[in-house]
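Peer 1: Given the structure of chain A, go ahead and fit chain B onto it with the hints provided.
Protein chains: 2
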Amino acid sequence: MSPMFVPGPVDVADEVLQAQARAMLPHRSKEFETIYKDTAERAQQLFYTKQRVFITASSGTGLQEAAIRNFVSKKVLCCVNGAFADRWFEVAVYNGKEADELSFEWDEPVNPDRVAEAVKAGNYEAVTIVHNETSTGLQNPVKEIADAVHTAAPDTLILVDAVSSLAGAKLEMDAWGLDMVLTSSQKCLALPPGLALGAVSERAMKKAEKVENRGWYFDLVRMEKHRLKDSSPATPAMSLIFALEYQLERIFQEGLENRFARHSAMAKRVQEWAEANDQSIYAPEGYRSQTVTTIRNERGIDISSLNNFLKEHDMRIANGYGQLKNKTFRIAHMGETQMSDIDELLKAMEAYLKQ
Amino acid sequence: MSPMFVPGPVDVADEVLQAQARAMLPHRSKEFETIYKDTAERAQQLFYTKQRVFITASSGTGLQEAAIRNFVSKKVLCCVNGAFADRWFEVAVYNGKEADELSFEWDEPVNPDRVAEAVKAGNYEAVTIVHNETSTGLQNPVKEIADAVHTAAPDTLILVDAVSSLAGAKLEMDAWGLDMVLTSSQKCLALPPGLALGAVSERAMKKAEKVENRGWYFDLVRMEKHRLKDSSPATPAMSLIFALEYQLERIFQEGLENRFARHSAMAKRVQEWAEANDQSIYAPEGYRSQTVTTIRNERGIDISSLNNFLKEHDMRIANGYGQLKNKTFRIAHMGETQMSDIDELLKAMEAYLKQ
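Protein chains in written order, with my numbering: chain A, 4 to 358; chain B, 4 to 358.
So here's chain A without its partners, still in its complex pose (with noise of 0.2 Å):
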């Protein structure tokens, strides 16, 4: 495994990548299903959450729609403040939902008395917010805009994007109120892409009872009805489930708190790196993302040429993301990576710095 330090698809372990290659099971036998079950149950524990977990066939952006078909019969306000956040508003618009954009600076957080107001007068069905955004390496304080919305508008759903922080970083579902989050597998649970895991809550499944149009392949519904016979409406992505219930194993025997500090002494040490090399953070202080760190480009490198030099030495990084290309780029920290990891990529990086 050579390191990549892209924020997506990461590199996967060996022995990961090895249990996808278990021999197939037809998906409705007794065998597939307790894999099924065992693994959609243990993976609550990623999301602090005695909820149910769905686990699709698709990626994340699947998850995204889901929940606004499940959720939302006409409006919805999604906080925006990155690509990914962005994204999902697309989704809203395109699935023909009335959808306002409560827009930031990408590089500042979504602000929690603006939701809180938004919400007061908007009589939304539903709140869509990105936990980490992967466009900025910047974390929303998800629990804090919870608290606001629960406060001024309490019947309003909260929907949360972790696709690049979901046991990277603790989001605490239950304790937070939030009443859906939704991930894929090739971030921090650092499996190859083509699961998303949703949780939902109880009131949230409610809702979507009365919500029409919910289509068929992401429909909540009918899956929480397979569900409930551990089965799943469409045939599931079997290998990749194989994959997924052993690195459950692995990430629990990591621990997760001992996972979130792993990953939050690599930002720190990145973030350090790049202050003391003339390089600022994107995010700002407090709202810096412990997966993924963004820094802005102030030095002028050629990002290409850059990880041309790293490829040299079996390693890459990412450029920024659409508008931040080459303003910005990123370090992923995510999944497999190690703080000797880090080490060994800052060394190249200086190395090509002083070149």
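Be a bit skeptical, because a hint or two may be false.
Copies of the same chain look alike in the list, so a pair counts if it fits in one copy or across any two.
Lysine to aspartate or glutamate pairs mimicking EDC-like chemistry, simulated, CA-CA at most 20 Å apart [unchecked claim]:
id	residue 1	residue 2
1	Lys-314	Glu-34
2	Lys-33	Glu-315
3	Lys-33	Asp-305
4	Lys-314	Glu-36
5	Lys-173	Asp-150
6	Lys-78	Glu-215
Think of the hints as simulated: they come from the structure by calculation, not from any bench.
Peer 2: Relative to the frame of chain A, chain B by itself:
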């Protein structure tokens, strides 16, 4: 690999399972984009088409939903003579379309004349047909139906589910004038589940541009824009695509025509065995599937007891689907299954029947 004679997920060859275990790459890298593009282009041969092939991280039902959301603004005709055709109808209804069901007995093929009558009268934007009904082992005369629709209502799009036949039985998309043909990975392609492939005609793409509320995840217009840049809007299921790339090589090495002949010979063998053992075939002569045979359980076999017996020999067959459970049973002969496997199965079944 112990042979399973169930109609998907089917057994996957060890070396194909292993192909999934390749290390990850950034999905927006040239390395991966080249694999993605080449694989989608090679897959055109499976469809006998020069049209674009989309690869989605979903089951086949996901592409049933894509077909409905992209090609139908309002009215669709669904030809139904089995459980998966019925599912497609349901997908249309749950996506808010005005869907009309043209029903046939499950042991009768879809009748081209009746389809022609219906499309002439109904002003439908599209008609849905399942090529090979996994639930009944009946193969519908798609070419004849397509001819009838072309004559009766030339503007009506022809959408075909070939989930359990593509790469196992010949279906010529371009020669027959089909507008979308979809399949999934875990049937005749003999891959793990989690990928769907859909080939789409030029006129269908033009139509999609005018259809509203296509959503995001299955929006084919969005996928097409990305496809032209060798990419996909959402993160693709990379390990499954590695396996697809590898498996296509194996399929073309065998040769498609040889593959069809192998399936057809196994179908004939199973049909003759059933009839020689006082059990008739569910599908009528002339409309029998090459990939899965459904046998009427006229000897009153206890299917689960039979399967327990077979499992002792590392084999298993499938019970009848839904309403046909215990009244029929199914023997699949698709993917990697060889005539010698079928011989072994039938020998074991005879041993069971003699008990």
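Peer 1: Look at each hint and say if it fits the structure.
Peer 2: So, going through the hints one by one against the coordinates:
1. In this assembly of identical chains, Lys-314 and Glu-34 lie within 20 Å of each other by CA distance solely across copies; the values are 13 Å between and 43 Å within a copy.
2. Taking the shortest Cα distances, Lys-33 and Glu-315 sit within 20 Å of each other only across copies (16 Å), while inside one copy they are farther apart (48 Å).
3. In this homomeric assembly, Lys-33 and Asp-305 come within 20 Å of each other (Cα to Cα) only across copies, at 18 Å, whereas the closest approach inside a single copy is 55 Å.
4. In the homo-oligomer, the alpha carbons of Lys-314 and Glu-36 lie at most 20 Å apart only across protomers (17 Å), although the nearest pairing inside one protomer, at 42 Å, exceeds that limit.
5. Taking CA atoms no more than 20 Å apart as the test, Lys-173 paired with Asp-150 passes inside one copy only; the shortest distance there is 17 Å, against 59 Å between copies.
6. In this assembly of identical chains, the alpha carbons of Lys-78 and Glu-215 lie at most 20 Å apart whether taken from the same copy (13 Å) or from different copies (18 Å).
The structure shown violates none of the earlier numbered hints.
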